[in-house]
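One-letter residues, chain by chain:
There are 2 protein chains.
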Amino acid sequence: MSDSLENIREFIEQYSEEDLKKAINGIPIDDLIEYWDQLASEEELRFFSLLNLDRKVDLINSLPSSSQETLVTDLSVEHKRVLLEEMEPDDLTDFMQAISPEVRDAVWKSLGDEAKQETLFLLKFDEDDAAGLMTPRYLALSSSLNVSQALGWVRKNAADVETVSYIYVVDQLKRLRGVVSLRHILTARDEDLIEDIIIKKVVTVREDTDQEAAARILETHDFVALPVVDDYNRLLGIITFDDVIDVIREEQTEDIYKMGAMGGGTERYLESSIWSLIGKRVPWLGILLVAATLTTNVLSYFESLFVAATVLTLFIPTIIGTGGNSGTQSATLIIRGLAMGELHFHDFGRVLLKEIAVAMVIGICMGALIVVRSVFLPPFIEMHEAITIGVALSFVIVFATLVGASAPLIINRMGMDPTVMAAPLMATLIDIAGLTVYFLTARLLLGLH
Amino acid sequence: MSDSLENIREFIEQYSEEDLKKAINGIPIDDLIEYWDQLASEEELRFFSLLNLDRKVDLINSLPSSSQETLVTDLSVEHKRVLLEEMEPDDLTDFMQAISPEVRDAVWKSLGDEAKQETLFLLKFDEDDAAGLMTPRYLALSSSLNVSQALGWVRKNAADVETVSYIYVVDQLKRLRGVVSLRHILTARDEDLIEDIIIKKVVTVREDTDQEAAARILETHDFVALPVVDDYNRLLGIITFDDVIDVIREEQTEDIYKMGAMGGGTERYLESSIWSLIGKRVPWLGILLVAATLTTNVLSYFESLFVAATVLTLFIPTIIGTGGNSGTQSATLIIRGLAMGELHFHDFGRVLLKEIAVAMVIGICMGALIVVRSVFLPPFIEMHEAITIGVALSFVIVFATLVGASAPLIINRMGMDPTVMAAPLMATLIDIAGLTVYFLTARLLLGLH
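As you go down the protein sequences, you meet chains A and B in turn. When you number the first sequence by my numbering, it's gap-free, plus one each residue, and the end is 449. When you number the second sequence by my numbering, it's gap-free, plus one each residue, and the end is 449.
By construction, these hints were calculated from the structure, which means they are not laboratory data. Note that the structure is a prediction, hence the values are computed from the model and not measured. There could be a bad hint or two in this list.
A pair holds if it fits inside one copy or across any two, identical chains being indistinguishable in the list.
To be verified - Calculated cross-link-like contacts (lysine-lysine; reagent style DSBU-like; alpha-carbon spacing at most 30 Å):
(1) K56 to K201
(2) K116 to K200
(3) K354 to K200
(4) K22 to K156
(5) K22 to K174
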């Protein structure tokens, strides 16, 4: 694509407006996004002006917010208006929330009255709630129509809504009374009454339902859209599947960051300032550092032991590293199971039994591996020392696995998020306990004091 | 819900069929799934028979494969037939691939001819390719119709397809010539020709496109469905958004497992056998163990050093733990950026500069923290020793961060998956290098040999 970027730059100099349009509209959106920040500001504008309107909207929605901002700022008032008109109200609201106050002012001025109203309505809701995802552009009609009338009405209004897949039925107070899929309307007879074909038990979410919970409901039912209602069952808007995909992606990034011992936002790397990167990393790193220094206390308690047998020191990193890894494996499986709703606290017994069995087999394998490795490869330690270390490692693994399996279940039961306990904190806790197990076993087997 | 389970059990004994149906169909599918494996086999069948057909299909699609199997095996031939008829061909094919050969035989016999044909067709494709997600039930018509005729035709055929959102236009050889959304047809005038309103540049994926790539294309464009074509641009089927959500979830699980140092399948925890759990964990644990034992060699090289200053031993776990954590943080950010298509190899320079700046600030903070902590809290070490350890930690952090940031970019450039390099392997490599940096710094500052 670097080549095609070059090609298009040449094109721009040599070819007609028509040819350019064709070439640029033939580039996949993903490629445009990848190379967008390498374009000069005039080039960006030139490229952008050549795109078809729907591709402009796709591009603007997918660009990082800093590029969105620059681009929209540079557009002429008229271009800005046309583009913003074309954006879905929920995307527009997200965009308004992401940009800086000055640009927001300029954008606000170019909005039509309807878009202003919709944006103000959507801004009332919390970004992280179900209502933060919804669009107020849905199809709602009265239940007294028949199929033929309803279809005529849908045809008149289809252009203004985000999806035509479902048609909602509301009463005069906007309370949700039922739903019918367009497919159902299409396959019904002309004279059937909407009243008779709607589903009255509608799956809905409340405005303050957590976004991730709403995503899961849409997912379980494979719905294209999910209605959002208030306390009085009044229809506020609908969440569509594309918003749900965005929520799942963001959740994924958050979970991965937590496993990598980071908190904070999920903004793109290249857009994050150095201070925001530091802020994301320092708190957890500091907590883990202070927790880890407890190992100094454990070690200083056993100091006489490793002074008497320095071979024990040689294996400290291996022992705690392997203990940490097996605890992390176990914790990862359980945390993922909890997150996916496949595991619950009432499975505690079954999980523990399974993990004990698994840990014993793994402990024996790894114990044997380290004995063989350290006797036959440098630093070639004595067999009785190797066996001591192997046995200690087996104990550490069993212990670490049990901690790794039970901690997430207990933490989850206490209503906290077990993901933050994952890899790093777990590994640190296991380091501390693992060292204790290691030295106690060694003391016993080597007959030291 | 444990209560509502009890309630319904009481219901079953006391109330009429009609009341039971209402009660059971009022339970959200997610709750049914959670408690399903606590039901006795007769209860499962009784519950299941009371569900509405569409809820039966939702439930079967969401149950773990072992429960699917038991349930389907226990159904009467007639019930089995009705249920399987109602499943979408792509879900049915997934189901057929998940169950054991004996059950598969029984299921196969209860399929109608059309379902058999569709399943055989879908089984030809690789499960991991785009074609492995598709359904052959889409709407395709000839471009010579006008809007009114097309709409009539859609109404006749809407019941048989997975989505009515898009209508595809194919020629006699089934080659894809265009697409039009149902919404567009609805808003067009009756006499418009389909030929004139279709989009001829259709976004498609090839049958052998990777599933995750196909998911990303649907995602970028916010499409409800994406057509799959063969080498000759013949339309084979369509991928719908719900399949894409499943792919994203599975990708998420795989990535999280990799970060937790595990390979293998993504089957549910409670369904995995002990041997499959061991198989998922032992290979990586063994590799990491052997890699970690290189630390023994590093330590035995520096043995004279820590025998002379045992305080150095006390901080081994803290130093390598913190180094590992900062390397992991950096690697996690870069790997996620790569996976989301936000970072590329051509960003190497910018990433490195940013990480050097971040690492220096973090290194100084953590260095200061460990000095303060170890001088003022037990084991109360000497100031000059503390400063040595603080400086060494800063160096280790800078070094680990740079490794964490550059390794994923290089590995990705070489065409390999950087996720498997994440947390655990990175931490092990950083342990080895970190210890070396630690002891070299300490030797220099403490003037030892």
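Cross-check of the supplied hints:
no. : hint         : result
1   : K56 to K201  : between (39 Å within a copy, 16 Å between copies)
2   : K116 to K200 : neither (33 Å within a copy, 35 Å between copies)
3   : K354 to K200 : neither (45 Å within a copy, 56 Å between copies)
4   : K22 to K156  : neither (32 Å within a copy, 37 Å between copies)
5   : K22 to K174  : between (46 Å within a copy, 26 Å between copies)
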